[in-house]
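Q: As a plain string of letters, each chain reads:
There are 2 protein chains.
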Amino acid sequence: MGPHFGKLRELAGRVFDLASAAGLLGWDMQTYMPPGGADGRAHALATLASLAHELFVRDDFGEALEAAEEEVKDLDPDSDEAGIVARLRQDFDKSRRVPSEWVAESVRTAGLAFNAWVKARPASDFPAFQPHIEKVLELKRAYISFFEPYDSPYDPLLDDFEPGLKLATVRGIFSELREVQVPLVQAISERSEAVDDSFLRVPYDESAQWDFGLEVIRDIGYDFERGRQDKAPHPFSTALNRGDVRITNRVNPNRFGPALFGSMHEAGHAIYSQGIAPALDRIPSLSGSTLEGSHDASLAMHESQSRMLENLVGRSRAFWSAYYPRLQSVFPEQLGDIKLDAFYRAINKVERSLIRVEADEATYNLHIMLRFEIETELIGGNLSVADLPQAWNSKTEEYLGLTPPDDRRGVLQDVHWSVGYIGYFPTYALGNIIAAQLWQKLSTDLPDIEAQISRGNFTELIGWLHKNVHRHGGKYKPMDLLKRITGQELSAAPYLEYLTDKYSEIYGLS
Amino acid sequence: MGPHFGKLRELAGRVFDLASAAGLLGWDMQTYMPPGGADGRAHALATLASLAHELFVRDDFGEALEAAEEEVKDLDPDSDEAGIVARLRQDFDKSRRVPSEWVAESVRTAGLAFNAWVKARPASDFPAFQPHIEKVLELKRAYISFFEPYDSPYDPLLDDFEPGLKLATVRGIFSELREVQVPLVQAISERSEAVDDSFLRVPYDESAQWDFGLEVIRDIGYDFERGRQDKAPHPFSTALNRGDVRITNRVNPNRFGPALFGSMHEAGHAIYSQGIAPALDRIPSLSGSTLEGSHDASLAMHESQSRMLENLVGRSRAFWSAYYPRLQSVFPEQLGDIKLDAFYRAINKVERSLIRVEADEATYNLHIMLRFEIETELIGGNLSVADLPQAWNSKTEEYLGLTPPDDRRGVLQDVHWSVGYIGYFPTYALGNIIAAQLWQKLSTDLPDIEAQISRGNFTELIGWLHKNVHRHGGKYKPMDLLKRITGQELSAAPYLEYLTDKYSEIYGLS
Chain A
354 MGPHFGKLRE LAGRVFDLAS AAGLLGWDMQ TYMPPGGADG RAHALATLAS
404 LAHELFVRDD FGEALEAAEE EVKDLDPDSD EAGIVARLRQ DFDKSRRVPS
454 EWVAESVRTA GLAFNAWVKA RPASDFPAFQ PHIEKVLELK RAYISFFEPY
504 DSPYDPLLDD FEPGLKLATV RGIFSELREV QVPLVQAISE RSEAVDDSFL
554 RVPYDESAQW DFGLEVIRDI GYDFERGRQD KAPHPFSTAL NRGDVRITNR
604 VNPNRFGPAL FGSMHEAGHA IYSQGIAPAL DRIPSLSGST LEGSHDASLA
654 MHESQSRMLE NLVGRSRAFW SAYYPRLQSV FPEQLGDIKL DAFYRAINKV
704 ERSLIRVEAD EATYNLHIML RFEIETELIG GNLSVADLPQ AWNSKTEEYL
754 GLTPPDDRRG VLQDVHWSVG YIGYFPTYAL GNIIAAQLWQ KLSTDLPDIE
804 AQISRGNFTE LIGWLHKNVH RHGGKYKPMD LLKRITGQEL SAAPYLEYLT
854 DKYSEIYGLS
Chain B
354 MGPHFGKLRE LAGRVFDLAS AAGLLGWDMQ TYMPPGGADG RAHALATLAS
404 LAHELFVRDD FGEALEAAEE EVKDLDPDSD EAGIVARLRQ DFDKSRRVPS
454 EWVAESVRTA GLAFNAWVKA RPASDFPAFQ PHIEKVLELK RAYISFFEPY
504 DSPYDPLLDD FEPGLKLATV RGIFSELREV QVPLVQAISE RSEAVDDSFL
554 RVPYDESAQW DFGLEVIRDI GYDFERGRQD KAPHPFSTAL NRGDVRITNR
604 VNPNRFGPAL FGSMHEAGHA IYSQGIAPAL DRIPSLSGST LEGSHDASLA
654 MHESQSRMLE NLVGRSRAFW SAYYPRLQSV FPEQLGDIKL DAFYRAINKV
704 ERSLIRVEAD EATYNLHIML RFEIETELIG GNLSVADLPQ AWNSKTEEYL
754 GLTPPDDRRG VLQDVHWSVG YIGYFPTYAL GNIIAAQLWQ KLSTDLPDIE
804 AQISRGNFTE LIGWLHKNVH RHGGKYKPMD LLKRITGQEL SAAPYLEYLT
854 DKYSEIYGLS
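In order, the protein sequence lines correspond to chains A and B. Add 353 to a position in the first sequence, counting from 1, and you land on the number used in the numbering used here. Add 353 to a position in the second sequence, counting from 1, and you land on the number used in the numbering used here.
What the hints contain is simulated information worked out from the structure, not anything from laboratory work. Glycine included, C-beta positions come from ideal geometry on N, C-alpha and C. Please note that a few of the clues may not be correct.
[Stated by the list, open to error] A short, non-exhaustive set of chain A residues, derived as facing chain B with CB atoms under 10 Å:
(1) 380
(2) 384
(3) 386
(4) 387
(5) 394
(6) 399
(7) 401
(8) 403
(9) 451
(10) 455
(11) 487
(12) 578
(13) 580
(14) 595
(15) 635
(16) 646
[As the list claims (entries may be wrong)] Rough simulated footprint, nothing fancy, chain A against chain B, three-plus residues with beta-carbon under 8 Å:
(17) 380-386
(18) 528-538
(19) 573-582
[Unchecked claim] With a cut-off of at most 35 Å between alpha-carbon atoms, the simulated DSBU-like pairs for lysine-lysine come out as follows:
(20) B/855 <-> B/447
(21) A/584 <-> B/584
(22) A/584 <-> A/820
(23) A/447 <-> B/360
(24) A/360 <-> B/472
(25) B/360 <-> A/488
(26) B/360 <-> A/360
(27) B/426 <-> B/836
(28) B/360 <-> A/584
(29) B/692 <-> B/472
(30) A/472 <-> B/584
(31) B/360 <-> B/830
(32) B/584 <-> B/360
(33) A/584 <-> A/830
(34) B/426 <-> B/794
(35) A/472 <-> B/488
(36) A/488 <-> A/472
(37) A/360 <-> B/488
(38) A/360 <-> B/447
Start from the sequences, fold in the hints, and give me the full structure.
A: Given below as structure tokens:
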């Protein structure tokens, strides 16, 4: 490690530390903070975010970056040093275009808008939330203007979450999805009587559910020496550094499924963050115009890891061949008489519903697509904030055949826009798609992976992900990493094939 | 609020936010952090501490301070604005003398020394710890040199914890203590059979102990909307801001007492921090060469609040008149047949022991005095680090009549020196003394306070403390605040009178 690179790493380390501290403050806010701490926490988070930005865009950082670039210019571009310098350059150039005042105002606005959303949602009171989302949008428009020229005004937002990805690419992919997924869900809904999941909707002891989830994710490879699971209103994962990657979860005492799949989903994220190479730790990366204390390729690449564990593993026959007897022994009353096949079908039951976070694998992307279309219209100026609820309801009708009875179960259901996450939703659907692309390649490299999983053996699975995805952190742009691994561009085909095969079998579609 | 004061408050707020974030990182380190997080946490804490210092000593802070001084110069010196500006000036002038490199090195050294201490203590391995404490001491000597000239090299250290207090004053007070407390403990030990506490040393259900403590501190006035109690290896309190003041505790399942008195002690600290006036929130203050996210008068003033609740209230007859029946109903097997008087005597049993944190009210200060004498000799250059264990053992013999069988139960028992807290120990004894001085005045102002407490009514007690102590935060120097409240200088007399009366009665001394 050369002296200039060392200096750059030190400066980057300080920025990382601030972002990492903010990560803990955010985690605590959702887990243990007493209600009285909210105001002080908003102040502290705003200070950490704006200081991280200030330190990052300072001239001394730029000078250290230039000196390090000179120092590493003859290194293998695949080396960690070259990768770190290239990623920092990319994030530095973006951050430099953004005034610190914008960052501070954006954090303050998000704090107020978030609090307004917390109140407006249960009250189904969109008008109370409207001025906040207008302010968020105004700031986003200013942000976009920092990045002129662009192909589409949505591109700079998307780039914050998916470095290098363009609106046009997402549009193309989503129209492929639409063509297959909408009729697939329609066909399934006509055969809804084919799957019974009533035995999942009875009381299941809370702590037994919690413990079963812990057992599963420990087996898969989530390292509890460098992590923990706590209760929170919504499941999430937080990477403070590669030695401290936490997840949260909640348990519905009257339903089996959401808690376990929540644990597996978040463990997918966490195993990624725990697997980032030590050499890449303590390097900040830009996400959603904010510097983050984790260094992954992108949100979609992250989501590919969580969706893979949750769905491709957790909702597979192979996985339950290994775990169903154990689950039956934990819940003999509820499952003792239920056959593995009936259980497998039940956990894969498809149902069109209003709420994204409760959506099943087959309908999930439809929720994303409607949000994506609304976002692009908002940003493109073809939709006003006042018309959001109506636009939401008509898209829901179009994609899901349902009409939200109120805004709580409609446009107000998600937190994202309140905290300025516009351009974020597509990453969920892209995560599903990437997971299937990776799985296709992984199954070629490890032909007996299903057999291994059906024996409860995850070593080669996690080893493959570690070698191909995790350890590289944010060294490569997500689409470059994907191509490097699979040899292919982003493509919906493997995902659509997976989905069609799986549900045709379950629902007896021709 | 004038514009210059507003600007100063904004800059101070950012420093506060960093210190407050560090507070959460420290709390988490002791409560929920997985082991793998230790390295990253040490980095993050070092960054937060050194950045807080850098922001605080910047020229723009000095300019804002000057402008604010000009703006408030005609205000009542007792106003919050004038108090804040004066305290910031005092802390700024101290911090300005300290180079940022020293702060960064000091935090790094403390991190390493702390880890070494964690390993050395259970192994009773002083030689492994020795180089670390030597490094700590070397840095402290450099720190002292920033403050030349001084009356004593110990003064700049003491001043970090007790603004304005001098070694000579502490020496005088401690020699008064010694004269009375050493023979008192001697006399008690000759009548040790007079008190039986065997019924406290039997199994007491852990969660029942925990809940009883919560009930008591809620009654006294700890606000759980702005606080919480979690498990930690050692009890402590952390003020992140006045809306989020947390305490921790532990429970010994085979002994009644430590958990409850731990909760009451920490609640005493927490009620102080929760009671600081909103106008004084989000102002950092210097403590132990580090900027802290809380704004209290001093450590001794803080300790006076915790010791008052723990001892003057929690180990009083009046308190147990109210709570003993309730405690008996929680633990009928252990206490059903034990009379209130026997219980009162048992919780006040005096026993000379080796470990400070387990010491009773009568012997506690002896532990402090021996540490104080060793510290002043170390700093004065009359004692080398290599001779520490021997000096410790001979002082323990002198004050307590006991010889530690190993360094674990001797010189390695306390964490303080590892993290650079030299000049801190005296604040514990001063806290006891101040508590008694405040109590004397409080009893004059509220003549029926004992009767109120014996009815379980703490409203006037906490109201008096709030009005006289808490709300002022760090606006006054501790000795000025004490004089303002009691009309007196710091004096050991009320404390020694309290101690002598209490134990003469319990042990039947003449």
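Q: Now tell me, hint by hint, if it's right for this structure.
A: Quick rundown of the hints versus the structure:
no., hint, result
1, 380, "holds, 9 Å"
2, 384, "holds, 8 Å"
3, 386, "holds, 6 Å"
4, 387, "holds, 5 Å"
5, 394, "holds, 7 Å"
6, 399, "holds, 8 Å"
7, 401, "holds, 6 Å"
8, 403, "holds, 8 Å"
9, 451, "violated, 19 Å"
10, 455, "violated, 17 Å"
11, 487, "violated, 27 Å"
12, 578, "holds, 5 Å"
13, 580, "holds, 6 Å"
14, 595, "holds, 8 Å"
15, 635, "holds, 7 Å"
16, 646, "holds, 9 Å"
17, 380-386, "holds (count 3)"
18, 528-538, "violated (count 0)"
19, 573-582, "holds (count 6)"
20, B/855 <-> B/447, "violated, 42 Å"
21, A/584 <-> B/584, "holds, 16 Å"
22, A/584 <-> A/820, "holds, 31 Å"
23, A/447 <-> B/360, "holds, 30 Å"
24, A/360 <-> B/472, "holds, 32 Å"
25, B/360 <-> A/488, "holds, 25 Å"
26, B/360 <-> A/360, "holds, 33 Å"
27, B/426 <-> B/836, "holds, 24 Å"
28, B/360 <-> A/584, "violated, 40 Å"
29, B/692 <-> B/472, "violated, 44 Å"
30, A/472 <-> B/584, "holds, 32 Å"
31, B/360 <-> B/830, "holds, 24 Å"
32, B/584 <-> B/360, "violated, 40 Å"
33, A/584 <-> A/830, "holds, 33 Å"
34, B/426 <-> B/794, "holds, 32 Å"
35, A/472 <-> B/488, "violated, 53 Å"
36, A/488 <-> A/472, "holds, 17 Å"
37, A/360 <-> B/488, "holds, 25 Å"
38, A/360 <-> B/447, "holds, 30 Å"
Of the numbered hints stated above, those contradicted by the structure are hints 9, 10, 11, 18, 20, 28, 29, 32, 35, listed in ascending order.
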